[in-house]
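Protein sequence lines, in the order shown, are assigned to chains A and F.
At position 135 of the first sequence (counting the first as 1) the number is 135 in UniProt numbering, and the numbers step up by one without a gap.
At position 389 of the second sequence (counting the first as 1) the number is 389 in UniProt numbering, and the numbers step up by one without a gap.
Derived by calculation from the structure, the hints in this document are not laboratory data.
From the three backbone atoms N, C-alpha and C, an ideal C-beta is built for every residue, glycine too.
Treat the hints with caution; some may be incorrect.
Stated by the list, open to error - Footprint (simulated), chain F over chain A, 3 or more residues, beta carbon under 8 Å:
1) 17–31
2) 60–67
3) 102–109
4) 169–177
Claimed, not checked - Take a look, some chain A residues computed to stay more than 12 Å from chain F by CB distance:
5) Thr39
6) Gly116
7) Ala151
8) Ser197
9) Ile198
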Amino acid sequence: MSAVLAFGLAMRAFAITPIQVASIATAALFAQYLGSVMTATRFDPRSALVTTLSLSLLLRADGVTPLIIAALIGVGSKFMFRIHNKHIFNPANAGIVALLLLSEGPLLNAAWTTPGQWGTALWFAMLLAGAGLFVTYRAARFDVPLIFLGAFAALIFVRAIWLGDPLAIPLLRLQNGALILFAFFMISDPKTTPDGSIARAVFSVSAALIAYVLTYHFYIADGLFYALAIVCIARPFLELFDPSPRYQWGDPVSTPKLRIPEKSRRTEPAPHLYPAE
Amino acid sequence: MHRSLKKALFAAASATAAIALTSGAVAFCGFYVAKADTKLFNKASKVAIMRDNDRTVITMANDYQGDLKEFAMVIPVPVVLQEEQIHVTDNAIIDHLDAYTAPRLVEYFDGDPCTVYRKEALQMAAPTAVMEDGVAEGERDSLGVTIEAEYTVGEYDIQILSAEQSGGLAQWLVENGYKLPDGAEATLGSYIKQGTKFFVAKVNLEEQAETGLKYLRPLQIAFESPKFQLPIRLGTVNADGKQELFVFGLTRSGRIETTNYRTVKLPTGMDIPLYVKDEFGSFYKSMFDEQVEKENGRAVFMEYAWNMNWCDPCAADPLSSQELRELGVYWLDNDGAGIQPRRPGPQAQDVYVTRLHVSYDAQTFPEDLVLKETGDKSNFQGRYVLRHPYKGDTTCEAAEDYRANLPKRFEKEAQTLANLTGWNIDDIREKMNEGAQSFDPPKSEPWWKRIWGDDDSNG
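Assemble the whole structure, with the sequences as input and the hints as a guide.
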């Protein structure tokens, strides 16, 4: 993912400066550290760095303050909003949604997203998808982006066929770089997707449906991000119907298996390559 | 030939022109940049969009020269418009907006390398031409087509149509004298299913005669809708080659961009050879085409993005509050009306202008442009620089270094130009050599000549 970012910085003239990226990283790590100290857990920078990358890729602002606020809110949300000892919101998504909402009010137009900036070059989408698959593969949530994209694609294609539109239109929409990024790097976050595979499928399809409706019926350009925030709020309820052991960073698969006590799990070495379910 | 068949229908994208339906040539004449007599882009439409939350004012201008009674404009609109929501304005305002935002050529003159560096900047203005679309005929019918409203505004007879199915609408249009190209029906159908209304305008010849003008004035519509899009699909159905669209965004918070296509900044700020001064138009066109090519024809280009308060250098004065209000900027007070000074100090005008340039056809731009306002207020302009070398006679060590470095600088300019436009580098070098930019290294005087050069007691 850092490779993607570096590539993006070099090739796509992102309009984000190294200083902005550094600010996001600092703020995210700081919030993570503070949270660890306050909750007396071990400090693990990985999640904060993933949040940094997502924010750097998807959120834009003048200056650094809005981005720092997004990072603090994003990572902070992990410690503040929890149910059953699991955080509710995807941190990067929480940061983006919070800033988008604040930009409507108190922090007028402080931050924005640029969904079109990634263009639609197919090869670029493929590259991202490939990199994304790798990341999610290791994180054992391979199914989430695929189900999400499948459902989203189905909705777009069905609508195009009903409208009698040329297929170039749905294809164009699916090649959107921001959509691919969102699918592979954000919604796939194993910590905020349901642990049971059925619940996860429902979660992914609902996100696709809500994102589709917000984007194409309410003309909300940032529908994707709002959709994820909504399904994240609904996630604890989904899990009630499909209980499964909780995901820990490094778990190869999420099928019910031997429960290892918290402590020994934390010290387990990082991921192995196993097929996800 | 049946007279009605001669009628042409301009199916316009929210302004952008169209479908030419007759064999008669439907020519859009040029869009001029930098040199008034250089026709740069044919088939160009200009659309100014004021957008603030859901409030939208669209001003549509394109240049039509031909028999006024043979043209029609069909624009998909999200809502039925009341008569007060439709307006006709002056070409001059769009021309002014165009000139203000046009890519510009600037000149610098090198100072005497032996003295303190001194700069002088000039810039060239970039005027333009504008006009608009023509019209069709309409009748109430039982084809599922409902005429929601009919108005005469300025020189236009306007009908707002809603339809139940594309077949009915197509038939209605055909019965009313339009000839639809293949593929138009499917596109109309898609719009109908999305609940779109159709704004059909034709010229009222009597009213038009009363204006005393030889052209059609820009048509404006104001409405509220969450949909921030520019429909271009109808315009691509039967388009003969690519069409050019210029979008001028007038917003409060920052520049606009497209969400379903990439918005790319045009290359800017480069030093280019001096001879380009006489062919800025063809330079700009070649460069634009080259950049379109580089993006596989799929990008929207940003040519200008600036706070309406000021400019530097100015291709034209910023628009006055009055002109901006005319274009729909409703939040400006009437007070500040009047022409802005050329380089006014920072005054809270609160209007941000974005100029986007799209070269499109059905293949590269299958979907309507979906726009978005961002919070980005950084300034951007398409600006190209001519740097004149110092011509005076001067002798000092710095001057020699300066002269020795000129060929290197010229070579760099030649490469920049070749890279930007795709022109042949040898042709560029030749033209530069013919002009005042010689690549021959200057004869360098031995350093000792400067010591005793004028001394008679020299050997």
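Against the structure, the hints come out as follows:
no., hint, verdict
1, 17–31, "violated (count 0)"
2, 60–67, "holds (count 3)"
3, 102–109, "holds (count 3)"
4, 169–177, "holds (count 4)"
5, Thr39, "34 Å, holds"
6, Gly116, "4 Å, violated"
7, Ala151, "20 Å, holds"
8, Ser197, "33 Å, holds"
9, Ile198, "34 Å, holds"
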